[in-house]
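Trainee: The chain contents come next:
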Amino acid sequence: MLLLILKRIGLGLITLFIVSLITFVGVEVLPGDACTTYLEREAYGAALDACIKRLGLDVPAYERYLDWASNVVRGDFGYSLSGEMPINEVLGPRVKNSLVLASVSILIGIPLAIVLGIITALWRDKLPDIMISTITIFSMTIPEFISATLLILVVAIWLGWLPGIVIIPSDATFYELLSNIILPVVAISMIMTAHMARMVRSSVIQVMASDYVQMAILKGVPYWKMVFRHVLPNALLPAINVVALTIAWLLGGVVVTEVVFNYPGLGRLVIESISNRDLPVVQALAIILASIYVGINLIADLMTLMLNPRLKSLQIRK
Amino acid sequence: MESNLITEDKHKNKLEKAFEILKTMASKPSGLIGLSIVLFHVVLALLSPYIAPYDYKAISPNTMLLAPSAEHWFGTDSLGRDVFTRTILGGRTALTVTFFGSLIALLWGGLLGIFCGLVGGKIDDVVMRVVDAFLSIPWILAMLLIVSLLGTSTEVLIPALGFFYGKGIVRVARAATHDVIAKDFIVSARARGHSNMSIIWNEIIPNVRDAILVEGAMRWSWMLLGFSSLSFLGFGVSPPTPDWGLMISNARGLMSFAYWSVIAPIVGLSSLIIGINLTADAFAKALGIDRSTKAPV
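First to last, the protein sequences are chains A and B. Take the first sequence: its position 199, counted from the start at 1, is 199 in the working numbering, and no numbers get skipped. Take the second sequence: its position 161, counted from the start at 1, is 161 in the working numbering, and no numbers get skipped.
Only chain A is shown next, with the shape it has when bound in the complex (with noise of 0.2 Å):
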């Protein structure tokens, strides 16, 4: 077990490796480096020497993915070209308003979901199910930027209740944020609720259908007993690995949510940084995303093993 706990870790580790390598390489051979996409028509002369000793550009390509590596092991990005200041002071404050927004859409989203998915699985292809399904098809196919951008229209412009893009500086304090996160926590948790509750209701579609649950049923268990006591948390496990997936995926579908609500999050530090040409950022963002990517699938893993017996036995990987 926890042997198996470990390797999980260590395959984790490996893919953040490979994800810097790609990141860095990416970087590496395509044409120009960071000082000339950087600086680019005035790349020359002192500017462009002063910017080359900045980075350690003159120094061989491997010996600055070591260094570059072990700082980050450390917890220190290096410099912001755009911002001429450390990485970390840019990234600090970005990274508490995405934390703030993410967190509260979960919070929303998932017991949302949990109780969606069991009334359309429960209900399965009459009225209350036909409705909601239709709802979260519509929710989870159509992108982010349009039903943000529908939002701002309807509630903002046409019926003018809430304000549609959010003005706040990125070091806002935790309440100004909060008043300000309707729309987007609406928007982001609209695509994340729908992704789950069709989980949510597959899975427990098919524990319904199983041996033990017909057994219940034969056996005179009372309707809603049925349900908690042996549906529930059998149809439940499974959803969780999804669940980490959805909210994976969402990494991207935040960025772009930030975007239309002008959001001072890391999602548009991103767009920011690629339209600055920053890439000392955007290696950063690349590393911290993946490793929020890697760090939620191995809490799901980890979770379905401590919560699975039979699953402790299990090879690894197929």
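Because the hints were derived from the structure by calculation, they are not lab data. Careful, some of the hints might be misleading.
[Unchecked claim] Computed beta-carbon distance windows for the label pairs: (1) B:K122 to A:Y65: 20 to 26 Å; (2) B:M197 to A:K219: 31 to 37 Å; (3) A:R74 to B:F40: 39 to 45 Å; (4) B:P61 to A:P93: 51 to 57 Å; (5) A:R74 to B:D184: 54 to 60 Å; (6) B:S271 to A:S275: 29 to 35 Å; (7) A:K7 to B:L47: 44 to 50 Å; (8) B:A18 to A:I299: 42 to 48 Å; (9) B:K183 to A:K219: 36 to 42 Å; (10) B:S195 to A:Y62: 36 to 42 Å; (11) B:V119 to A:T173: 26 to 32 Å; (12) B:A18 to A:L178: 52 to 58 Å; (13) B:S78 to A:I299: 44 to 50 Å.
Beta carbons: idealized from backbone N, C-alpha and C, even for Gly.
Since chain A is already given, all that's left is putting chain B on it; use the hints.
Mentor: Then chain B, alone, in the frame of chain A:
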């Protein structure tokens, strides 16, 4: 024995088989709706250059932000361009880019997956590690990185999208190959002394084709989502190319009084994505492949 069955299957009229699958797909309302939406978009995309009433890049100060009327069915945008013209041509852009992108994704993803599943061992381990690593970079970051360093022309976008969305197909193709590889007909083909190439071509591909095609259909809708998101963020096709993502992003700032120029591309893009999704689901069901428990990767 089974290998004989498959070769017989190959000789069966392919058109007839495709028609049967289409019929199964259209037998359910959701499949029928999906198929008709996709068909409508494809026909419109093919006809759009001939039926577009205006020039998509004709700028005119006299026709700025006009409301929908008999001359301009969907109104005009902030540069005086006809929104109807740009919307129907936008479908052409979206379908062309994502169709060829999906084709590339299917080809390289499918072949690499089959190859890895067949040879196994060290090569397989290394390739799958790299695929996993690529999967853990959020799609938007990877795509943005590629296009910001290579440029945003369609010649770059199509292979970039094709490469990026093919990595998920590698896994599906590999898993499907693993399912068939232990079967008797592969063992007997090996015993007959067939080469790896011949086994891949004659024995494995006919058996994993369905799974890969279903995955490809699903990737198609994600690719459309990814492509239009890129355009929306300003990293997709460059103006004045008529493109839905670009149109929405341009018209967004003025939508408090000119909502028509944002509604038309929204309807176009949403309906196409929903249509592709419904079609892919019906396709999977018609081929007997369950993908209800899959999450997007």
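Trainee: Against each hint, give a clear statement of whether it holds in the structure.
Mentor: Evaluation of the provided hints:
With their beta carbons about 24 Å apart, K122 (chain B) and Y65 (chain A) fall inside the hinted range of 20 to 26 Å. For M197 (chain B) and K219 (chain A), the Cβ-Cβ distance of about 57 Å falls outside the hinted range of 31 to 37 Å, so the restraint is violated. For R74 (chain A) and F40 (chain B), the Cβ-Cβ distance of about 57 Å falls outside the hinted range of 39 to 45 Å, so the restraint is violated. Between P61 (chain B) and P93 (chain A) the CB atoms are about 43 Å apart, so this pair departs from the stated range of 51 to 57 Å.
Between R74 (chain A) and D184 (chain B) the beta carbon distance is about 56 Å. The supplied range of 54 to 60 Å therefore holds. Between S271 (chain B) and S275 (chain A) the C-beta distance comes to about 31 Å, which sits within the given range of 29 to 35 Å. Distance hint check for K7 (chain A) and L47 (chain B): the Cβ-Cβ separation is about 57 Å, which falls outside the suggested range of 44 to 50 Å. The hinted window of 42 to 48 Å between A18 (chain B) and I299 (chain A) holds, with their beta carbons roughly 44 Å apart.
Hint check: K183 (chain B) to K219 (chain A), Cβ distance near 41 Å, so the stated range 36 to 42 Å holds. At about 40 Å, the CB distance of S195 (chain B) to Y62 (chain A) agrees with the hint of 36 to 42 Å. The beta-carbon spacing between V119 (chain B) and T173 (chain A), approximately 57 Å, falls outside the hinted interval of 26 to 32 Å. In this structure the supplied range 52 to 58 Å holds for A18 (chain B) paired with L178 (chain A), their Cβ-Cβ distance being about 55 Å.
Checked against the given bound of 44 to 50 Å, the beta carbons of S78 (chain B) and I299 (chain A), roughly 47 Å apart, stay inside it.
The structure shown violates the earlier hints numbered 2, 3, 4, 7 and 11.
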